[in-house]
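First to last, the sequence lines map onto chains W, G and V.
Taken in order, the first sequence gives residues 3 to 131; the numbers are from this note's numbering.
Taken in order, the second sequence gives residues 4 to 163; the numbers are from this note's numbering.
Taken in order, the third sequence gives residues 803 to 1399; the numbers are from this note's numbering.
These aren't lab readings, by the way, just hints derived from the structure by calculation.
Don't take each hint at face value.
Which bits of chain V does chain G cover? Going by a derived footprint, with three or more residues having C-beta under 8 Å, they are [to be verified]:
| no. | region |
| --- | --- |
| 1 | 989-1003 |
| 2 | 1072-1083 |
| 3 | 1228-1236 |
| 4 | 1302-1315 |
| 5 | 1350-1356 |
Note that CB positions come from ideal geometry on N, CA and C, so glycine has one too.
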Amino acid sequence: MGIKSLDELKSLRDKLKTDINIRASGEIDSNIRVVVGMATCGIAAGARPVFTAMVDEARMLELGNVTFVQSGCMGACHSEPTVEVRFPGLEPILYGNVTAEAGREIVRRHVRNGELVQNLIIGRPFETV
Amino acid sequence: MCKNALTEEKFRELDAYVASLPERKGALIAVLHKAQEIFGYLPEEVQLHVARLLDLPAANVYGVVSFYSFFAEEPRGDHVINVCMGTACFVRGAEIILKELEADLGIKAGQTTPDGLFSIDALRCVGACGLAPVVMVDGKVYGRVKPGEISSIIKEFMEV
Amino acid sequence: MSTYRMHLLVCGGTGCQASDSRQLADNLQAQVLMAGMGKEVQVVTTGCFGFCEKGPIVKVLPDNIFYVEVKPADAEEIVSEHVLKGRPVNRLLYVEPGMKERIAEHREMPFYKKQLRIALRNCGFIDPEDINEYISVDGYQALGKVLTEMTPDALLVLMKKSGLRGRGGGGFPTGLKWEAAARNKSDKKYIICNADEGDPGAFMDRSILEGDPHSVLEAMAIAGYATGADCGYIYIRAEYPLAIHRLVIAIGQARQAGLLGENILGTGFSFDIEIKYGAGAFVCGEETALIHSIEGERGEPTNKPPFPAESGLWEKPTCVNNVETFANVPPIILNGPEWFSSIGSEKSKGTKVFALAGKVNNVGLVEVPMGIKLREIIFDIGGGIKDGKKFKSVQTGGPSGGCIPAEHLDTPIDYENLTRIGSMMGSGGMIVLDEDDCMVNVAKFYLEFTCDESCGKCTPCRVGNKRLHEILTRITEGKGTMKDLDNLKELGGIIKDTALCGLGQTSPNPVLSTMKYFWDEYVAHVVDKRCPAGVCTALLSYYVLPDNCIGCTACRRVCPVSCISGEVKKVHEIDQTKCIKCGACQKACKFGAIVRK
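Chain W extracted, bound-state conformation (with noise of 0.2 Å):
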């Protein structure tokens, strides 16, 4: 399946930019995206089980518009492990030392009712390029 072109290259970006949520706000997706840090930090904190967890409500109440993702470290290793809940054209949110509890409280609350969760919400002071 190898790309054979940057023509090629460009067009697989484009159609993967609509596919996959992405981060400019504004932009109109149906999905909403979860992303658990998971680094050797967050792993060694504790964030497979919050994944997993996470995912499993998930498939428990049956909700279709969210997508689950591990991804790398966000930096705050003060509060590791960390999950960000991105509402598609929304500030994202971010979740620190979540347990598989938390995770599957934010699942719950934040992800199926728009709901924030009390008292885990941590700042996420960085801009990216």
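Place chains G and V on chain W using the hints.
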């Protein structure tokens, strides 16, 4: 049967790996990684075997084995306890944790208990500085370890 | 599907709580309920937003309005004006010192602009195990661009213009390094990615490889095109299993997609990458040592020249760059060299990733523009010192760096400035030390590391560092003399001047910098036989203050070696010959009757 035995089978596995290499030039470190994976450690016998396989002087092989801290010439315990001694852990009291562990098991860092159950290693930074001080047992990470918690961590692995 | 249309986020970090943020959250909740909006507006308490000096902070979503220094009494106005009528409360918006305008959106605030992610741009956003996610965020576009639109010479010009310098510590201009390798004619050339991150306390390279491995692969291919190499190696520590796992997946996917291998994107350019494993030797971060290690030898450095660009791996022209350096390359090509050189300070362009750790509240991986002040990193981004203790020093550059005291907190960070004040950029470890850290002991810690890791090839490093360590040990045991201090200084200088490689040439830095800035502490150890921070156990002792002791026996019960004697309701006493100085008694005493001297 001891798990560290140097069986014929293991040597054959190593031979097969070397035979599968596209090129032997510069392969010494990769072969030693594989050998340690197979045998668990790199005793003299294994080092000599590697030297013959790669047609290198044994001194060369020993020179490389002794240079890199990842290669062990002694068998390791069933459970390897790594105490992170990176700077972040150091300033948050890793030294005290290590001392306590050494006292508890009656061995020093780098050694293995006589029953072959535990080895202690002091390692440089696992990169979980947010959890400092960190102790890692067989890949399982214990963060923000306080003095006094070590013995309960060890106990977890004694019962298994 | 969302039942709430608005969220009020109240910062519940330690700083904000101290200024009544809990009461504020309660008031907001009460006002919301009173307005009958309990089902539409949610009040949420959050963790630290990292802008503590302006706390308590309230953020309103989805409007993204940011209020500072909000008092509990302001709750009514926020709800009646902003929540009900949609009019932001102007007087609570942030004003940048020296500016007139109030800033509503937190993105616009300089504080939040302090962290700019270039190298870490995709970490924590994309799935590193899925090449499609990388492609969706413009992955491999930079490679496509250089292959189809640029000559290698034009690419070299672009890299030089960007001002990118090596992020592994040395700070050598990347464009010049590439150019040197490009100039040397040869039938074979190599690109090496140095991922042998051995500095204890630095983990940015690992984070990049774990979070965004493709950006490194793409940049290596770009470097291959610039220099005329078709083969790349990533030299990575065997201690990083997850990074290796993700790299293996990434290389496989890139090959399958035709973005590595023969005839990339139909341009005729070929480049492939292989992983080589390190085996735990700090010195292998030095490029000549690293090359010997890839060749399967002991990782001992050799003299430069010849530089790797002339004669490197298998005696062919070789270009060695660090992970973070590579991660900066694709955005530079896509956004242009002018964009990159507009960020940072005069001589150091772009950003640097630091692993902020130690006695700081928000331990984390931060990426900041060059030229930022240490104070901003430690106190604004890092949230200040843990447990309200006093800042003493910050250590940068790992075992090759030095300890920077409070007087230099306002120095803008770049390669030159850090070297000037006796430390160095290094790979980006940044360890904060507080009043409880003994600087002599910290210097000893680093020397112990260097002694362990010295390859032994040259005498100054092998023997000299050992002597430095012995002298430091003597001092921390209270056996040092003033003559020892002179010797430390002289020997340190000699090692710097005569060692073969970067490891030896910088190893005395932790000693020399602490002697320069914390001379008093050395003198206290040597002359007064006292450790001011109370760390060096040989130099301290615990005593009972008879006037404060009420004879409660708490100390006697916790002492692990039973060296405290005394009856109930009588003054207790510590047997100095048995005491191991663990400090447990001092912690147990509720009456301040036990002191450390």
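The hints, checked one at a time:
Only when three residues or more bring their CB closer than 8 Å to a CB of chain G does the claim for the region 989-1003 of chain V stand; here the count is 4, and the claim holds. Interface restraint, the region 1072-1083 of chain V with chain G: holds (6 residues with C-beta to C-beta distance below 8 Å; minimum three). Under the rule that three or more residues need a Cβ within less than 8 Å of chain G, the assignment of the region 1228-1236 of chain V holds, with 3 such residues. Remark: the region 1302-1315 of chain V is not confirmed as covered by chain G, as 0 of its residues place a Cβ nearer than 8 Å to a Cβ of that chain, below the required three.
With 0 residues bearing a CB less than 8 Å from a CB of chain G, the region 1350-1356 of chain V misses the requirement of three and the coverage assertion fails.
In this structure, the earlier hints numbered 4 and 5 are contradicted, and the remaining ones agree with it.
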